[in-house]
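Chains as they are written, first to last, in the working numbering: chain Y, 1 to 222; chain P, 1 to 264.
Incorrect hints may appear among the rest.
[What the hints assert, rightly or not] With a straight-line cut-off of 16 Å between C-alpha atoms, the simulated EDC-like cross-links for lysine to aspartate or glutamate are: (1) Lys181/Y <-> Glu9/P; (2) Lys38/P <-> Glu114/Y; (3) Lys135/P <-> Asp169/P; (4) Lys197/P <-> Asp169/P; (5) Lys95/P <-> Asp109/P; (6) Lys11/Y <-> Asp49/Y.
[What the hints assert, rightly or not] Cβ-Cβ distance ranges computed for the label pairs, FRET-style: (7) Asp158/P <-> Asp147/Y: 31 to 37 Å; (8) Val12/Y <-> Asp219/P: 55 to 61 Å; (9) Leu113/Y <-> Ala6/P: 35 to 41 Å; (10) Val21/Y <-> Leu49/P: 22 to 28 Å.
[What the hints assert, rightly or not] Every beta carbon over 12 Å from chain P, so not counted as near; a handful from chain Y, in silico: (11) Phe9; (12) Leu43; (13) Ser52; (14) Ala91; (15) Gly100; (16) Gly101; (17) Gln128; (18) Ile136; (19) Lys145; (20) Asp147; (21) Glu182; (22) Phe209.
None of these hints come from the bench; they were simulated from the model.
Just so you know, these numbers come straight off a predicted model, no measurement behind them.
No residue lacks a Cβ here, since even glycine has one placed at the ideal position from N, Cα and C.
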Amino acid sequence: MYQNLALLFGKVYLVILVVNVLLVLLLYRRLPVKVRSIWFFLLGSLATDLASRWLFYQGENNLFLLHIYTLWELLAWGWFFNLVFGHASKAQRQFFAGIGGLGILLVLNSIFLEPVTGFNSNAKTLVQVLLVGFAIRYFFLAFGKIDLTKAAVQAVTFINFAVLLYYSGTLFIFMFSRLLKEYGVASVQQHGLWVINALLLVVFHLLIFISLWIPLRRRPKF
Amino acid sequence: MDTTPAQTEILTTIFIGIFIMLLLALAFALFFYFSQRKFQAQQIAAQELEIAHREQLLLASIQSQEEERQRLARELHDEVGSKLNVINLGLHQLKKQGATNEAQQSFQDLFGLVRMTTETTRRIAHDLLPPTLEKFGLPVALEELCDQYRQSSPVALDYEFSERDIPLDALVALNFFRVAQELLSNAYKYSQATAIKITLHLKPNALELAYQDNGIGFDPNARGQQKGMGLKNIESRMRTIQADYRLDSTPGRGTAFTAQKTWS
């Protein structure tokens, strides 16, 4: 039952993801700069998802994609948050240096600590904690300074909420995914966790869809 | 498939972890949302208070300006005007008592000067508070105002009113007059209009003043462009007498203004 549910949510997630990718690419110019910067993340997510499904149906190990996707997530969200925080040039250099350094750590982790044929719990945990931290920082910085009646601000806040919710909710799943394998927990018993992950992915991409829709619905007046 | 206690423990930990993290994330987002809304509401309330305060200051300033105008007009008419008359009479007395030819010429100069000063005083007093408004009412006062503009400019100024005797509260009449004065002054200064039309129409339970010109117009909602004092004054005056008003203007398409004071 859990497996079917996970597959169902997985399909729903894929549909919403495709819609989001189409929205962001086709209506790119009508979206605010900060909001449209997530095209990079969305396109990577779609490519990874399609590739992992294809490999799954081929009966091949697709976990190496998770390693690539983790790095992609870090870079894509790094770009988004750099725009959201509106860093000055010096801070921007430091921010990108930090993201780049972390990216190198992820690669080294995949080479030496967590082989690409298995889960990358260390890397995933690090990236997720960082993204949750960025989302929280956004909320702290935004408090009292933003006007939630503005479409662009609403959209960015929704994206941050999506990041906070999804990466907090799935933190423990990815943190313990390698451990579950090491402890010999059967994949059937893990289905419940992947259902939660798929459900949160649906919610995550629904929130992203809303954040793309808000500025499109209310066009700025010129 | 059976699970070992260690496996159960790790699965339970993960589920509890997920639950707590989701709860924290939701609580954080909700706290942010409601706090932000409250903060924004407080900011809006403070801004509204500030606007109301400025409005009150403007109203008080308009009121004191009107009082000062009235006082000055009275002083000019009663004090300066009457004293100039006394001077004029005195000069006539002196002239009658006989004088040399040279003195006769000086008397003529002085008569001219007194006449000019009397005229100027009357005009200033009139501009400060047109006696026509008080004596003959708003329709005639506006007609007089339009006549003054017609004499000084080639702009085709058309003025129509539906009734000559409109029973009006003095404050309403004064503010309608001042608004028309302001609109005409702005039109002649900035609009480059070649035709202006003003109508004063008495409805069964309302008085309507309509203004229209074919000038260069302006964008009343233009960002970064502060409303001029004239426009603010018009708005404040309309609010003072609780009249409805509407200003329509588009660059290149002239300006239209309508004010309506209703009564039960």
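Evaluated hints:
For the given pair, Lys181/Y sits about 14 Å from Glu9/P by alpha-carbon distance, which is consistent with the 16 Å threshold. Simply put, Lys38/P and Glu114/Y have alpha-carbon atoms about 47 Å apart, too far for the 16 Å limit, and the pair is violated. A threshold of 16 Å between alpha carbons decides the hint, and for Lys135/P with Asp169/P the separation of about 13 Å falls inside it, so the pair holds. Simply put, Lys197/P and Asp169/P have alpha-carbon atoms about 24 Å apart, too far for the 16 Å limit, and the pair is violated.
A C-alpha spacing of about 12 Å is found between Lys95/P and Asp109/P, which places the hinted pair at or below 16 Å, so the restraint holds. Distance restraint check for Lys11/Y and Asp49/Y: the Cα-Cα separation of roughly 11 Å lies within the 16 Å cut-off, and the hinted pair is therefore satisfied. Distance hint check: the CB atoms of Asp158/P and Asp147/Y are about 46 Å apart, inconsistent with the given range 31 to 37 Å. The hinted window of 55 to 61 Å between Val12/Y and Asp219/P is violated, with their beta carbons roughly 48 Å apart.
Our hint of 35 to 41 Å for Leu113/Y and Ala6/P is violated, since their Cβ atoms are close to 23 Å apart. At about 47 Å, the beta-carbon gap between Val21/Y and Leu49/P misses the expected band of 22 to 28 Å. Chain P leaves Phe9/Y outside its interface by the beta-carbon criterion, the shortest separation being 15 Å against a cut-off of 12 Å. For Leu43/Y, the non-interface assignment is confirmed: its Cβ lies about 26 Å from the closest Cβ of chain P, beyond the 12 Å cut-off.
Look at Ser52/Y: its CB is around 22 Å from the nearest CB on chain P, clear of 12 Å, so calling it non-interface holds up. A cut-off of 12 Å between C-beta atoms confirms that Ala91/Y is not in contact with chain P; the least separation is 23 Å. With a cut of 12 Å on Cβ distances, Gly100/Y stays outside the contact zone with chain P, its closest approach being about 28 Å. No Cβ of chain P approaches the Cβ of Gly101/Y within 12 Å, the least distance being about 26 Å, so the stated non-interface status holds.
Gln128/Y, annotated as away from the interface, has a beta carbon of chain P within 12 Å; the closest lies near 10 Å. In this structure Ile136/Y is not separated from chain P by more than 12 Å, as the shortest Cβ-Cβ distance comes to only about 7 Å. Listed as a non-interface residue, Lys145/Y fails to keep its Cβ farther than 12 Å from every Cβ of chain P; the least gap is roughly 10 Å. With a closest Cβ-Cβ approach of about 7 Å to chain P, Asp147/Y is found to fall inside the 12 Å limit, against its non-interface label.
Listed as a non-interface residue, Glu182/Y fails to keep its Cβ farther than 12 Å from every Cβ of chain P; the least gap is roughly 10 Å. Remark: the non-interface label on Phe209/Y is consistent with the geometry, its nearest Cβ contact in chain P lying 17 Å away (cut-off 12 Å).
In this structure, the hints that do not hold are numbers 2, 4, 7, 8, 9, 10, 17, 18, 19, 20 and 21, in rising order.
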